[in-house]
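Protein chains in written order, with the numbering used here: chain Y, 485 to 848; chain P, 171 to 776.
Errors might be hidden in some of the hints.
[Stated by the list, open to error] Computed list of lysine-lysine pairs in DSBU-like fashion (alpha-carbon distance at most 30 angstroms, straight line):
#1 P/Lys-662 x Y/Lys-796
#2 Y/Lys-765 x P/Lys-767
#3 Y/Lys-774 x P/Lys-662
[Stated by the list, open to error] Now the in silico label distances, taken between C-beta atoms and shown as ranges:
#4 Y/Thr-609 x P/Ser-405: 49 to 59 angstroms
#5 Y/Pro-740 x P/Gly-631: 30 to 40 angstroms
#6 Y/Glu-736 x P/Phe-671: 47 to 57 angstroms
#7 Y/Pro-740 x P/Phe-671: 33 to 43 angstroms
#8 P/Phe-671 x Y/Gln-734: 41 to 51 angstroms
If you are wondering where the hints come from, they were derived from the structure by calculation, not from laboratory data. Using N, Cα and C, we set each Cβ at its ideal position, and we do this for glycine too.
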Amino acid sequence: MKIVISKDAVMSGLQMVHGVVNVRPTLPVLSNVLFQAQDEKLWMTTTDLEVTMRCAVEAKISKGGATTLPARRLLSIIRELPADNIEIEVDEKNSASISCGASFFKILGLPEDEFPAIPKYDGGTTFTVDQKVLKEMLQKTFYAASNDETRFILNGTYVSFKGNKMTLVATDGRRLALTEHEMEFPKESESEAIIPTKAVNELLRVLKDEGTVKIHMTKNQAGFEVNDVLLITKLIEGTYPNFKQVIPGQCEHRIPIEREAFLAALKRVALLTSDKASSIKLTFGKNKLKISAQSPDIGEAHETVPIKYMGKEMVVAFNPDYIMEPLRNLMTDEIFVEMTDELSPGVIKCDVPFIYVLMPMRVG
Amino acid sequence: MPDSPHIRLLPPDVANKIAAGEVVERPASVLKELFENAIDSGATQVGVAIVAGGARLVSVADNGSGMDRDDALLSVERHATSKIREADDIGHIRTLGFRGEALAAISSVCRFRLCTRRASDLAGSELIMSGGKVQDLREAGCPPGTLIEVRDLFFNMPARRKFLRSPQTETGHLRQTFLVHALGCPAVGMSLTIDGRDAWALAGGSTHGERIRELFGREMMEGVRPVEGRSEAASLTGFVSLPTLNRGDRGEQYVFINGRPSSAPVINYAIREAYHNLLADGRHPYVFLFIELPPEAVDVNVHPTKREVRFRQPSDIRDLIISGIRRALMESGGEFIRGKTDPSVFVEAVSIPAQTAFSSFKVDDLPPTRILGYPHPSAPENGATPSARRQEPEAADPLVPQREPPGATGGKSPWAWCRIVGQVGGLYVLMETDDGYVVMDPHAAHERVLFEKFMNSVAGGTIESQGLLVPESVELPPRDAMLVRKNLDLLKKMGIGVSEFGGDTFMVDALPAGFNDVRIREMLADVAHHLETLGERGSHTRWREEAIAQAACKAATKARDRLSLAELERLVVQLAATEMPYTCPHGRPTLIHTSFKELAKRFGRE
Chain Y
485 MKIVISKDAV MSGLQMVHGV VNVRPTLPVL SNVLFQAQDE KLWMTTTDLE
535 VTMRCAVEAK ISKGGATTLP ARRLLSIIRE LPADNIEIEV DEKNSASISC
585 GASFFKILGL PEDEFPAIPK YDGGTTFTVD QKVLKEMLQK TFYAASNDET
635 RFILNGTYVS FKGNKMTLVA TDGRRLALTE HEMEFPKESE SEAIIPTKAV
685 NELLRVLKDE GTVKIHMTKN QAGFEVNDVL LITKLIEGTY PNFKQVIPGQ
735 CEHRIPIERE AFLAALKRVA LLTSDKASSI KLTFGKNKLK ISAQSPDIGE
785 AHETVPIKYM GKEMVVAFNP DYIMEPLRNL MTDEIFVEMT DELSPGVIKC
835 DVPFIYVLMP MRVG
Chain P
171 MPDSPHIRLL PPDVANKIAA GEVVERPASV LKELFENAID SGATQVGVAI
221 VAGGARLVSV ADNGSGMDRD DALLSVERHA TSKIREADDI GHIRTLGFRG
271 EALAAISSVC RFRLCTRRAS DLAGSELIMS GGKVQDLREA GCPPGTLIEV
321 RDLFFNMPAR RKFLRSPQTE TGHLRQTFLV HALGCPAVGM SLTIDGRDAW
371 ALAGGSTHGE RIRELFGREM MEGVRPVEGR SEAASLTGFV SLPTLNRGDR
421 GEQYVFINGR PSSAPVINYA IREAYHNLLA DGRHPYVFLF IELPPEAVDV
471 NVHPTKREVR FRQPSDIRDL IISGIRRALM ESGGEFIRGK TDPSVFVEAV
521 SIPAQTAFSS FKVDDLPPTR ILGYPHPSAP ENGATPSARR QEPEAADPLV
571 PQREPPGATG GKSPWAWCRI VGQVGGLYVL METDDGYVVM DPHAAHERVL
621 FEKFMNSVAG GTIESQGLLV PESVELPPRD AMLVRKNLDL LKKMGIGVSE
671 FGGDTFMVDA LPAGFNDVRI REMLADVAHH LETLGERGSH TRWREEAIAQ
721 AACKAATKAR DRLSLAELER LVVQLAATEM PYTCPHGRPT LIHTSFKELA
771 KRFGRE
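Let the hints inform the model, and build the full structure from the sequences given.
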């Protein structure tokens with residue numbers, strides 16, 4: 485294999501795919517990126533056996549072929565190269581000679597056939613969505629997924645195409661985020677899947693604000709295709725919990741609040757919570773919301789935010805991260821906080837289809 | 171010297187009372203003896219009733235063979251039995267009892283009533299005794315079989331009576347005795363009535379599996395696998411739990427030899443061996459094993475309660491158990507390696523097998539040197555040797571600021587400064603300190619930190635608990651359920667939102683803040699176990715709080731297998747600030763310290 489390629493092209497490709505590579509992979513070849521040169525394109529592929537990422541960049545190919553090279557080392561070399569035109573030549577022993585201006589590197593790779601086969605999907609259904617739509621939906625939900633490995637069903641984002649709606653849900657059993665997007669597809673294409681959080685994170689890096697993404701759904705894997713980038717992930721097997729039962733049907737009070745001001749005030753007050761686990765107190769009073777926190781060994785803080793509220797006074801405590809995360813990931817100016825009482829779940833909504841349910845904390 | 175102490179043969183009633191001390195320890199032992207008699211009589215239905223923890227009444231009614239008038243009278247004599255006739259019979263006993271001591275002993279320490287009739291007799295006999303003396307023997311109408319009522323146990327032994335525990339505790343022991351025998355004889359229908367309320371009604375003619383399901387619930391059956399095995403002399407059947415279903419004590423291991431609940435060191439050893447590598451230290455499986463072997467091959471006459479047995483060929487039994495359990499676990503395939511997918515909603519039925527617990531512990535990307543400093547009142551900052559050494563690693567990594575922990579407590583910390591060197595064995599954290607090196611077990615350390623924080627907020631009444639979106643239901647084994655039920659209010663006070671949900675099922679709708687990755691079922695079982703081991707101290711709230719906190723912290727840290735470096739550093743700082751940094755709440759060490767002095771000595775430099 486022998487190619488000439490621009491530094492920008494290699495960099496953009498490697499930056500796209502290297503996130504999939506595990507720091508301590510189970511097989512040595514999984515530290516490597518698969519290079520396949522053909523038809524004036526260099527295809528780069530990485531995998532951790534769960535998530536596979538593939539992308540193509542332009543290259544001048546004098547001799548086609550394939551090899552695998554250590555991904556992170558390669559990235560750090562390319563990043564430092566002095567000039568734009570890079571020549572890469574790989575011999576039959578898979579050692580790659582990289583020359584660029586006055587610099588020369590020789591790095592040892594592993595044969596192509598040691599690299600796991602790229603997953604193919606047969607059957608299944610395909611949906612086409614605007615990249616921007618999917619990106620924003622993922623952003624609004626993914627942070628609510630659980631990191632607790634004992635509840636692996638929740639270690640991802642649930643995606644369903646049902647009833648002419650795409651629905652995304654993530655939850656960790658304490659809070660739940662849900663978004664919806666109306667779209668049309670035939671009844672027989674209805675499908676659902678749980679996408680692992682790692683794949684969601686990679687996907688968020690791939691998706692841009694323009695163009696569309698093709699989503700392939702099969703029984704045990706999902707593929708996301710954006711131009712020359714392809715991300716294939718195994719799905720989390722199992723049945724996602726019935727999240728509908730968690731969403732409160734009605735509420736006593738619906739309180740509009742300006743998002744950014746609310747978030748900024750929460751951030752300030754949360755500085756006075758002793759650690760992640762302690763609570764922040766919201767006191768809803770006449771047209772004002774008091775946010776307060778105190779910890780015995782640090783001190784206390786409070787701040788008031790003007791709101792439109794005329795109901796009776798209500799005090800409720802939340803985990804500060806749980807209430808700040810949706811505010812950070814929403815874009816609208818105004819949000820609605822729906823409350824019933826101190827012990828019922830709180831709900832955050834906005835003017836787009838988004839629901840965030842969060843359980844209050846009980847303070848002894 | 172009018173009262174010179176001659177040696178005298180004790181009168182029978184005194185001898186019986188002494189024997190009662192051995193056989194009848196508490197109401198549960200009465201139940202055990204009566205139960206065994208009922209089963210030995212060939213009964214197909216046994217009804218048990220207890221009142222006030224057995225102190226007021228323990229009664230057992232069976233539909234077995236019954237006795238005639240003479241036998242009824244003889245049955246309460248010492249060493250009177252129908253079960254063996256000559257010494258040789260002891261070698262091959264097929265019945266549960268045989269010593270002929272039980273009724274004599276029991277009847278001597280209670281108000282005793284026996285009604286019995288053989289199916290072929292027209293009338294039955296009623297025998298009434300009090301404190302071992304026959305009060306009345308008359309004909310009476312009664313159904314075929316035998317009914318024995320033991321009232322006012324130890325009424326004539328006030329000292330003994332004082333030793334009875336609270337009715338709830340004694341009821342717990344009675345339930346457990348009932349449960350054990352119910353497991354052992356699934357063919358016999360059984361019922362238990364506690365203070366007039368039906369606690370259990372178990373159908374007769376069941377298999378072992380059906381009986382276990384009836385007693386322990388469906389969830390338990392999903393977590394166990396059938397065991398089968400056969401050697402020349404013995405056969406083995408039963409059920410054992412997958413490694414994913416485990417607990418912190420051996421309380422739920424039931425072994426029956428020829429239908430008799432038994433234990434033997436070799437059996438415990440075999441069970442431990444069979445689960446070797448599959449369970450973390452201190453975790454134990456649920457085990458139900460039924461071993462059948464010729465009576466000659468086992469000696470049950472080791473102790474009057476016949477609990478402990480000896481085998482003629484222990485190695486045979488050991489191999490049988492190990493291979494049987496291993497096969498059962500193997501046949502379940504990768505199921506317990508991958509964890510099982512449970513479709514039920516939000517239920518944490520799935521857990522990562524314990525064997526991966528250590529290997530999956532990873533500290534992400536440990537950089538070579540990082541220093542965690544502590545204010546050290548006695549060490550002058552510009553002192554000669556210590557600070558010289560202290561500067562060294564800092565200089566190696568000038569970008570990393572010296573971290574001054576907020577809560578460090580001066581001279582009490584275990585070190586003046588420390589630096590995380592790396593991780594060994596995929597688990598332990600190696601640190602250099604001012605006067606040596608320290609190996610830290612991060613699990614134990616985390617447990618200590620969490621425990622002190624938890625206890626402080628319990629003591630300060632500032633406990634915060636995070637509600638769950640969907641409450642989780644947990645079905646517990648009967649004994650665990652009783653202990654949890656007894657402490658519901660305390661658990662709630664400590665931030666564990668648990669409430670009764672009928673039977674032995676509980677709903678958990680909130681957990682203490684910071685206890686995010688807890689496997690709720692394991693936690694409740696551990697809480698029960700810790701409460702049980704408290705014994706006498708259990709009457710003090712403070713001890714119970716500690717027991718609950720210990721169990722909860724243990725459950726919360728078990729799942730914490732992945733720590734980032736930042737978390738690890740925080741852990742080190744927090745541990746140094748605890749009151750007892752050197753051990754986890756269970757007493758295991760968190761730190762092993764080796765001084766430079768000791769190193770020098772070992773290397774022969776001194």
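Evaluated hints:
1. P/Lys-662 x Y/Lys-796: holds, 28 angstroms
2. Y/Lys-765 x P/Lys-767: Since the Cα atoms of Y/Lys-765 and P/Lys-767 sit roughly 52 angstroms apart, the hinted pair is violated (cutoff 30 angstroms).
3. Y/Lys-774 x P/Lys-662: holds, 28 angstroms
4. Y/Thr-609 x P/Ser-405: 49 to 59 angstroms: holds, 54 angstroms
5. Y/Pro-740 x P/Gly-631: 30 to 40 angstroms: For P/Gly-631 against Y/Pro-740, whose Cβ atoms are near 36 angstroms apart, the range 30 to 40 angstroms holds.
6. Y/Glu-736 x P/Phe-671: 47 to 57 angstroms: Once the Cβ atoms are compared, 28 angstroms apart, the range 47 to 57 angstroms for P/Phe-671 and Y/Glu-736 is violated.
7. Y/Pro-740 x P/Phe-671: 33 to 43 angstroms: holds, 39 angstroms
8. P/Phe-671 x Y/Gln-734: 41 to 51 angstroms: violated, 26 angstroms
Against the hints set out earlier in the document, violations occur for numbers 2, 6, 8.
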